[in-house]
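Chemist: Spelled out from the first residue to the last, the chains are:
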Amino acid sequence: MTLVCVKDLHKSFGELEVLKGVDLDVASGEVVAIIGRSGSGKSTLLRCLNQLEQHDGGTIEIAGQHLDAGAMTPNDLSRNVGMVFQSFNLFPHKTVGDNVMLAPTVVRGVDKTVAERLAREVLDKVGMLEKFDAYPAQLSGGQQQRVAIARALAMNPKVLLCDEVTSALDPELVGEVLRVLEALAKEGMTLILVTHEMKFAHDVADRVVFMHQGRIHEQGPPRTLFEHPETSELKQFISAIL
Amino acid sequence: MGISLDFMALSPYLGELLRGLFTTVVLTMVTTLAGLMLAIVVAYLRLNAAAWVGMALGGYVELIRNTPFIVQLFFIFFGLPALGIRIDAITAAFLAMTLNLAAYSAEILRAGIESTARGQLEAARALGMSSLQSYRHVVLIPAFSRIYPALISQCIIVMLGSAVVSQISVYDLTYAANFIQSRNFRSFEAYLLVTLIYLLLAIGMRQTFLLAGRRLFAYRQGEHA
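Chains as they are written, first to last, in the working numbering: chain A, 1303 to 1544; chain B, 9 to 233.
Next comes chain B alone, as it looks inside the complex (with noise of 0.2 Å):
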């Protein structure tokens, strides 16, 4: 049996895939901020604050790193009401997302920091710098640079782990993607082309995050190593 493909089938319905891809995009661009934004405070937490602090933080960060994501998703948007907290679909989406990137982060971003020599952290010491202001101003960005690969790879596995909060109604991509083919049973044209856009993203990401990264941490571009 031969497969005919037909695009043109697709093409009524380009509203919904803008609509989708729009929600896709803006959801990535905010948990990544956002999560990477809470992943520098929960590793520079677990790392120098009280002892049941860290241990707090640990222990989110285990939770998240070994229970499903769709899991995850469900507790916050299913789950919370039976607590009395309702949040709607787009908001638990970006929560989930956050809160998993966020740990996911911090425990990449910790190797990082804890393989900043010890004679950084005394030159800051003897300028007379707090741990906080040695954290931001001379740590961070070299522990950024350690561990940059693996971050992009993390940010970019959220990214496409974000098809599935089509399961609690969010319009995003997957959910485009599920709509058309329930319309016009064109299901493999909408899954390919969907496929090919998650491609793009993901390429496009990795891009955008070197270039980030070349300004980031264009300091090392002068190194003998």
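Okay, chain A solo, but in the shape it has when bound (with noise of 0.2 Å):
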């Protein structure tokens, strides 16, 4: 079942256009590994699936609901997908189970005995219970971002947006991080993953995704795009990061 329809999808910034005509359809409990240099548009993409950026021509169709950031309230943006950054972005004012907590009850409504049963199920997912009472500042940057995933999974989301969630860690903490991702994945959980780890989209992607100037350039399932690229620009991707 197709769960993300993506059809001739634009966006410029200015005179700059990013993403020149994409097209992408994700199924249900697929996981989709999106790479490609810096300046592909593959960020751009994913920030589009959730209309943190508004795109400018195409349609997106998440779970049978069209994207139009103009005319729909963020909690309706919100309601089928969940998003990972980079930078954790974990609010420094609220414990790890205040942060969790935050969206199901102020977006959703949820009872706060509830959304605290429901934030230490996602914190016990992710290997962060125990931390329930600190404030973000006392966490690693690894246990932050397992938390941040918590976060979105509390809001129950149909696919999981990560945007380079491991780019801003020590290398020794990238492992845990991954670990939470594949257990998703495991799950049936739907990943669309932009990454540089090149091992993880090979080992746990069904699809790896290649952009190249603003289109997607080749896909395929990961052995085949890795061991047996077809373009030249694949080609040169793979080697300059080998």
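None of these hints come from the bench; they were simulated from the model.
Even for Gly, the Cβ is constructed at its ideal location relative to N, Cα and C.
Please note that a few of the clues may not be correct.
[As the list claims (entries may be wrong)] Derived coverage of chain A by chain B (criterion: at least 3 residues anywhere in the stretch with Cβ under 8 Å from a Cβ of chain B; other residues may be distant): (1) 1363-1377; (2) 1381-1388; (3) 1395-1407.
Could you use the hints to bring the two separately framed chains together as a complex?
Modeler: Dropping the structure here:
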């Protein structure tokens, strides 16, 4: 079943056209890794999927919902899509538990006790339950990112967008975050990740999408893509990073 | 010529002093709370409401910040009755002080709000929060923590500035001092005592704010910054 359906997506920042017609279908439960050079439009594509950037042309449909930031409330936009950021973006003045409980209580109007049960559940899933009362500043980067994942999960998204979620981490902290994502993938969560972790893309993704100059240049199962790249651009990209 | 201090000359007027002190303290507490709440609203609307609302509020802020407080007070108490708006002295004092503190605080707070990291707003939005929800739950407390020292000083300035409300016959601490020295001619003692009381009020106010800040911004104690 197609969960995310992107057709002919265009996005410009002033004169600069960043997305030049992107078509992408993602099935429910699929894990899609988007790779490519910086400036290829991969983060912009991801940010269009929850309308942090409003697209100029084309259509985005997620779980049957047509996305249009101008015509929707943020609550509508967040109904199906969760996002995890490179820089965690936890709310510094709220404890781990409050970070996770905030959106369910404020946006969804969930009862406080129900929200707390939900928060404990998702924090347990990412292995951060024992830090329920800690403040973000007391956590390592990897721990903060796991809390950020739990915070997104608490809104029960159908698809989770991950924008270079390990890029700001010290190398020894990358593993704990990737393990959480891998476990989510195994559970059947639909994931769309912009990533530089090629090994992770290779091992966990169902499909790898290579973006180049605002378009999807090549895509396919990870093994095929990494071992038998067809286009010269992808060959160059792979040889540059390995 | 030597000065002989005679503080005992003030003792018959203890009641007047307490009455003045009470007015100053209550007026300060009420206007501080009302002014800060108004500032929170004004700062939000200036950044988020329709352009004409933002401009109108910008006009209010600049008008207050670029005119003397005593003129604002006189305008409200002596000027408005010409328009048929008649208010008593204490209400006029409350209005003038609240509007004054709100304008300065809104401007101070705006700096704190504008320095919010973009990622914070994006995270709030990605979680489905409206701009008002994100202001209230995500932006406001960290913004306050960044501008807190400036805000404390502003509140104290308004408390000290409240001395001029004695000019429209509000029975505050300064009014009490004027009254006492007009009766016993001990102006040096009267004003010295009142000066000390204002000083203690300012110190007490700052300490109260700092204590509240330690609770409100407890999350910062773990920061590595």
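Chemist: Confirm or reject each hint.
Modeler: Results of checking the hints against the structure:
Counting residues of the region 1363-1377 of chain A whose C-beta sits closer than 8 Å to any C-beta of chain B gives 3, which meets the bar of three, so the coverage hint holds. With a threshold of 8 Å between beta carbons, the proposed coverage of the region 1381-1388 of chain A by chain B holds, since 5 of its residues qualify and at least three are required. As drawn, the region 1395-1407 of chain A meets chain B at 5 residues by the rule of a beta-carbon pair under 8 Å; at three or more, the given contact holds.
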